[in-house]
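> Each chain, letter by letter, is given below.
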Amino acid sequence: MIFWQLFLAFFIPGILGYGGGPASIPLIENEVVGHYHWMTVTEFSNVLAFGNTLPGPIATKMAGYIGYEIAGVFGSLVAEFATVAPSLILLIALLRILARFKDSPKVNWLTLLIRPIIVVMLGMMAYNFFAASAQASGWLPMILIAAVSFVLMERFRVHPAFVIAGALLIGAAFMG
Amino acid sequence: MTQGSKKRTAQKSAFAVHRDLFVAFFRSGIVSFGGGPSGIPLIEAEVVKRYQWMTLEEFGDLVALANALPGPINTKLAGYVGWKVKGFTGLFAALSAVILPTVVLMIALLGVLVRFNDQRWVRGMTQAVLPVVGVLMAQLTWKFMKNAKKGLGWTISLILVGISFVLMEVLHVHPAILIALTLLIVLIKPSKKAGDSK
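Chains A and B, in that order, give the protein sequences. If you count by full-length UniProt numbering, then the first sequence holds residues 1 to 176, one letter each, in order. If you count by full-length UniProt numbering, then the second sequence holds residues 1 to 198, one letter each, in order.
No lab work stands behind these hints, which were simulated from the structure alone. Keep in mind it's a predicted model, so treat the numbers as computed, not measured. Among the hints, erroneous ones may be present.
[Stated by the list, open to error] Here are the in silico distance ranges between beta carbons for each label pair:
1) Phe-74(A) <-> Trp-142(B): 41 to 47 Å
2) Lys-102(A) <-> Val-170(B): 41 to 47 Å
3) Gly-34(A) <-> Ala-14(B): 44 to 50 Å
4) Leu-187(B) <-> Gly-34(A): 38 to 44 Å
[To be verified] Cut-off 16 Å, straight-line C-alpha distance, at most; resulting in silico cross-link-like pairs (EDC-like, lysine to aspartate or glutamate):
5) Lys-143(B) <-> Glu-154(A)
6) Lys-189(B) <-> Glu-169(B)
7) Lys-143(B) <-> Glu-58(B)
8) Lys-143(B) <-> Glu-57(B)
9) Lys-102(A) <-> Glu-58(B)
10) Lys-150(B) <-> Glu-58(B)
11) Lys-149(B) <-> Glu-57(B)
12) Lys-84(B) <-> Glu-58(B)
13) Lys-49(B) <-> Asp-103(A)
14) Lys-49(B) <-> Glu-169(B)
15) Lys-86(B) <-> Glu-169(B)
16) Lys-102(A) <-> Glu-57(B)
17) Lys-106(A) <-> Glu-57(B)
The beta carbon of each residue, even a glycine, is placed where N, CA and C say it ideally should be.
For reference, chain B alone in the conformation it holds in the complex (with noise of 0.2 Å):
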């Protein structure tokens, strides 16, 4: 599947790629209301099922380690995606559809418009939003789960979530501590254990 995302990127003149990218996180970026991550399940419908340009688990490693990094998420996905597509043009055009529609909506509109937010229309429809991006983000969850269970089995992967919750919502552990902690576990793991168990 990999192999054959490739063949088709291959394929494609350079500014198609290019097309695509920037069309893919235009898309993902324009209808992201609500904050940086309601934008997560958009781009995984681009980058995963639509352009194939990542397997699932790609996603979800760059998902886990994105949010393990400090700055705006969105900004990141764009710019490591393009950059795995297609280099340094590929990171500007897919960044550059992300940050510029934005702003040059906030640039035009702000110096006329400061009042707009109090309309009753742009409040419905920031209400309206909301559990949409929740049943998408609940859709994105569902998958990693079963993409785990696939690697790790229901019980040991219910048990690695509870772990995770308690440590992350309960004691507050930071995501980052988290994932940088199961990163020396690996580490330090013996290689062998690892390999027999796979």
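The shape of chain A in the complex, shown without the other chains (with noise of 0.2 Å):
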């Protein structure tokens, strides 16, 4: 039965992915690959190196995609939901336990206590973020777009979306 293959292909990576769709894709592809044989390595990589030109996350790109091209629009649906679904169940239902606490103290001191924790993986993908531009286009063109978009958005209060699309257009013009 093709539509539970495909769950499966996806739940498993779904449920595995720690760390984000990012984290998945390799589980995607030895299942995708590996195991069911649907995709060549080769066209593997070639649909995730295209949808990672594409905005949005990786993960549902990858699962709608395949979905899609092995059993049509439902299929796509069914990738969907094994990709989305579990960890989305998982969360409301610990933010539901969560909110029914909400007044309790330890709840409160559990809200102080996550921050630093936030502040660092925050932090941390921030730092990720720049290392990444650093390497891919060299610190100056980074600090400059850095720099502007910073005061835009800060000073300017500029909605961050159309520092993006700027950024974008300078992209597509200037650099690469």
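Take each chain as given, in its own frame, and dock them per the hints.
Have a look at this one:
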């Protein structure tokens, strides 16, 4: 049953892929290329490379596309469901429990104590983006773009979406 | 503030709320280049700042727990926010805004343009967007740092940031384990003490 296979192929990477979408990519490849032989390694890496140039989470792009290739629109839906639903259900259940004890001092403490952890997680993500940027385009363009976008967003309150759109245009015209 | 936003949401028609959810997650999804996490500051800009569906504290808890669970982060954030604002239909509105546009693009374009990513201008786009995402992420980090300071004071905040940094980045303890441990410590800790220091 192809739909069951599709479900499993994306359910397993979804539930084992700690560290967000990109972490689950090798696991997806393992299922799609290694286990079910739906694609060759080259096909898979072509799809992956293309998916990376488009915006949005990579795991759902891969699931949607591969599901569609294998079994049409319904296949796409099954693969997306398997990618998204399990962790989302867990998250909603967890947060519901927390919300129930919202006024208990323990939950307030949890919220407080978790904050330094978030700071480190987000700080490391920021660092990783800068590191990737320095590697891709060098220090000077990185510092220039970072400084200009910081001033635009922080001083002139420009919505980040516009700053990103501007960066995309400049990148397409002058970089690469 | 939370009450005000609830009121505003309640005054809006069901259609308008679903539209807002779709727009918020469409906008933050379509500009989040460079992988899922790059969308987090954009989602914060929509959910906390613009539509005020959540406070920064709630958003922080959400990001921490979502990070501790497996699977893509954007869809977890979108699904939960949608569910919180408008139940299951809200969940679908927010989720489809994240997933649909890019999957449709992918299916529509891939057959024709597999070599697309070799183009110089595409590479240029990715390169130019990385520093912007870095700045966004740093701003959000700073926001949570100020937030931590407000609740814990500078000294304790910095000590805890230092400890989490060493645990996660030097000793490579997985964030999920760290968050689970924090949860355990809080649960075991006698609540009297917690009440005292509050």
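> Next, verify each hint and record whether it holds.
Cross-check of the supplied hints:
1. Remark: the range hint 41 to 47 Å for Phe-74(A) to Trp-142(B) is upheld by a beta-carbon distance near 45 Å.
2. In this structure the supplied range 41 to 47 Å is violated for Lys-102(A) paired with Val-170(B), their Cβ-Cβ distance being about 34 Å.
3. Restraint check, Gly-34(A) to Ala-14(B): a C-beta distance of roughly 46 Å satisfies the suggested window 44 to 50 Å.
4. Our hint of 38 to 44 Å for Leu-187(B) and Gly-34(A) holds, since their Cβ atoms are close to 41 Å apart.
5. Among the hinted pairs, Lys-143(B) with Glu-154(A) is consistent with the structure: their alpha-carbon atoms are about 12 Å apart, no more than 16 Å.
6. Distance check on the hinted pair: Lys-189(B) and Glu-169(B) sit about 27 Å apart at the alpha-carbon level, beyond 16 Å; violated.
7. With a C-alpha separation of about 13 Å, the suggested pair Lys-143(B) and Glu-58(B) falls inside the 16 Å cut-off, and the hint holds.
8. Simply put, Lys-143(B) and Glu-57(B) have alpha-carbon atoms about 10 Å apart, close enough for the 16 Å limit, and the pair holds.
9. This hinted pair checks out: Lys-102(A) and Glu-58(B) have alpha carbons roughly 11 Å apart, not beyond 16 Å.
10. For a cut-off of 16 Å, the pair hint linking Lys-150(B) to Glu-58(B) stands: about 15 Å separates their Cα positions.
11. Taking the CA atoms of Lys-149(B) and Glu-57(B), the gap is about 13 Å. The hint holds against a cut of 16 Å.
12. Restraint check for Lys-84(B) and Glu-58(B): the C-alpha separation of about 11 Å stays at or below 16 Å, so the hint holds.
13. Taking the CA atoms of Lys-49(B) and Asp-103(A), the gap is near 24 Å; set against the 16 Å cutoff, the hint is violated.
14. Simply put, Lys-49(B) and Glu-169(B) have alpha-carbon atoms about 30 Å apart, too far for the 16 Å limit, and the pair is violated.
15. Straight-line distance between C-alpha atoms of Lys-86(B) and Glu-169(B) comes to about 38 Å, which puts the hinted pair past the 16 Å bound.
16. About 12 Å separates the Cα atoms of Lys-102(A) and Glu-57(B), which keeps this hinted pair within 16 Å; it holds.
17. Between the alpha carbons of Lys-106(A) and Glu-57(B) the distance comes to roughly 15 Å, so the proposed pair stays at or under 16 Å and holds.
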